[in-house]
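S.K.: Listed below are the residues making up each chain.
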Amino acid sequence: MSLMTLLDYTSVLVFALTGALVASRAQLDIVGFFFLACLTAVGGGTVRDVLLDRNPVFWIAEPTYLLVACGAALGVFFTAHLFESRYRLLLWLDACALAVAVAAGSGVALSLDQGPAVVVVMGMITGCLGGLMRDVVSNEVPLVLRQGELYVTCAFAGSTATVIAAAVGFGPGLAALACAAMTFTLRAGSIHYGWCLPVYRSRPPR
Amino acid sequence: MSLMTLLDYTSVLVFALTGALVASRAQLDIVGFFFLACLTAVGGGTVRDVLLDRNPVFWIAEPTYLLVACGAALGVFFTAHLFESRYRLLLWLDACALAVAVAAGSGVALSLDQGPAVVVVMGMITGCLGGLMRDVVSNEVPLVLRQGELYVTCAFAGSTATVIAAAVGFGPGLAALACAAMTFTLRAGSIHYGWCLPVYRSRPPR
Amino acid sequence: MSLMTLLDYTSVLVFALTGALVASRAQLDIVGFFFLACLTAVGGGTVRDVLLDRNPVFWIAEPTYLLVACGAALGVFFTAHLFESRYRLLLWLDACALAVAVAAGSGVALSLDQGPAVVVVMGMITGCLGGLMRDVVSNEVPLVLRQGELYVTCAFAGSTATVIAAAVGFGPGLAALACAAMTFTLRAGSIHYGWCLPVYRSRPPR
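Chains as they are written, first to last, in my numbering: chain A, 15 to 220; chain B, 15 to 220; chain C, 15 to 220.
Read the hints as simulated data drawn from the structure, not as lab findings.
Mixed in with the good hints there might be a few duds.
[Unchecked claim] Quick look at which bits of chain C chain B covers, simulated, 3 or more residues with Cβ under 8 Å: (1) 60-68; (2) 145-155; (3) 203-213.
Since the model is a prediction, treat every value here as computed from it, not as a measurement.
Beta carbons: idealized from backbone N, C-alpha and C, even for Gly.
Construct all of the structure, not just a fragment, from the sequences and the given hints.
M.R.: Here it is as structure tokens:
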């Protein structure tokens, strides 16, 4: 199994857990768990594959991804009540999934010899769009756009790390590691220490 | 006209009616009716075709689909005030459209020799995504995710019926019939008798 | 640089400004500005290219588009506080972007020898979907669906103008001009004079 495949599986698994946690917060039935888990798990990678015209899309070529996502949903359905604070758990799992998915997305674009701007954007799309779909569909405020937090910024920094690592001659494995470490560190700092960038603020909008 | 084409036309027509009914509830003008009718009518099938790389997308190959959807919107624009309860009508039309669209989506995937998991997912995508787009765009609570109702579950069961019917040697026509009957029966039972699956419930989420 | 490329750049630039203005209203940080600017700027054209199977998508072939959008976001980040009423500015910029994007979208479909219905729809998709994504993601009421305003209608009329102009033998340049003029005039009349179509109204929906 290639490195990119392994990263794709990991991000599918962890994003599926976050989708299922959101389903548990919305009190859905088991098929609702499957639905949100699969949407979150494969959403970002699907958009990446459609835009890059990779054919067929990764989970159509290899439906095991869907089984992994459904398995994760099933696990959460029966165990979510054991966790004290499902929202903290959701935040941290989402941070892990983000880190892995950004590494997978930018790595795939790199392996297709895309230029730096496209590599950065594909990392951000793969990392952020699954969670964005999850939040839009389930009517939660998108994590992507919450004030006073780093989220898209982490994906941006991680993808940029991939580009820089590749430019200085690192192989795909080290580049993916640099990307995931950068993304996760920034996101964890934002969740735990409240790191953020200055936001736009002026007179109240009219 | 092949069976799959006929199913596509039927689901386009009935989904367009539901889109136009939502437009009437939002008090839009006639072009708003056209817009929501077309989005609902071709949304799910478009995603199916893009993911399966069927080229061109069905309504680009055959723009008559769009005319059918606009005709349906026009009809609703002038007659919707005749109906006592537009919401009940919307629910039941949506159930019919769901049944036909799931049959069309899973049938197309089957005819392209996709494996069982992909057939099931394509049925669910074709059935559920048009209505989901309609509800997200018009700010209604998505039917897909309402508690205590079967919706995605019906699409899942219907698609599975297609797979089983094909596995035991039924032709495409009988498989589509089994799928539509299974989907509609479950959805009708949910609307009329309140059939549902147990939902996830635990201590209140924090 | 071809005419269609020039139109694409212009609509990317102006839509990016509207995305950044929405980001300023939501008080996001600079990466949030980049994100909303890029989503709004390339969203509609990306859907157009995926549906028409133009390969690669325009901003993957030419990532300069993304740099233009990010430059526009940067400009807005540092100057938005200078404007008295950011919402009026947003409305008028959006009207300009709509006019140019409808011309670009219908022009591209025309140049690919699509039939009239597909040309009209591609103009509407390119014009309306970027702004729709911007509004759905940032939880604003979609401009597309506001009562008592012309929006989709302007895109519809503009695309139709392209089709008619091409049918009577105008070249691509004149067709694009006719389209943009028609779209902008209707939208400006709607913003400034309150032009609208009669909306559906009956007994209150239940």
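S.K.: If a hint holds in the structure, say so; if it does not, say that too.
M.R.: Checked hints:
With 4 residues bearing a CB less than 8 Å from a CB of chain B, the segment 60-68 of chain C meets the requirement of three and the coverage assertion stands. Requiring three or more residues with a Cβ within less than 8 Å of a Cβ of chain B, the coverage given for the segment 145-155 of chain C holds, as 3 such residues are present. Figure legend: the segment 203-213 of chain C, annotated as covered by chain B; annotation consistent (4 residues with Cβ-Cβ distances under 8 Å, at least 3 required).
Violated hints for the displayed structure: none, as all numbered hints are satisfied.
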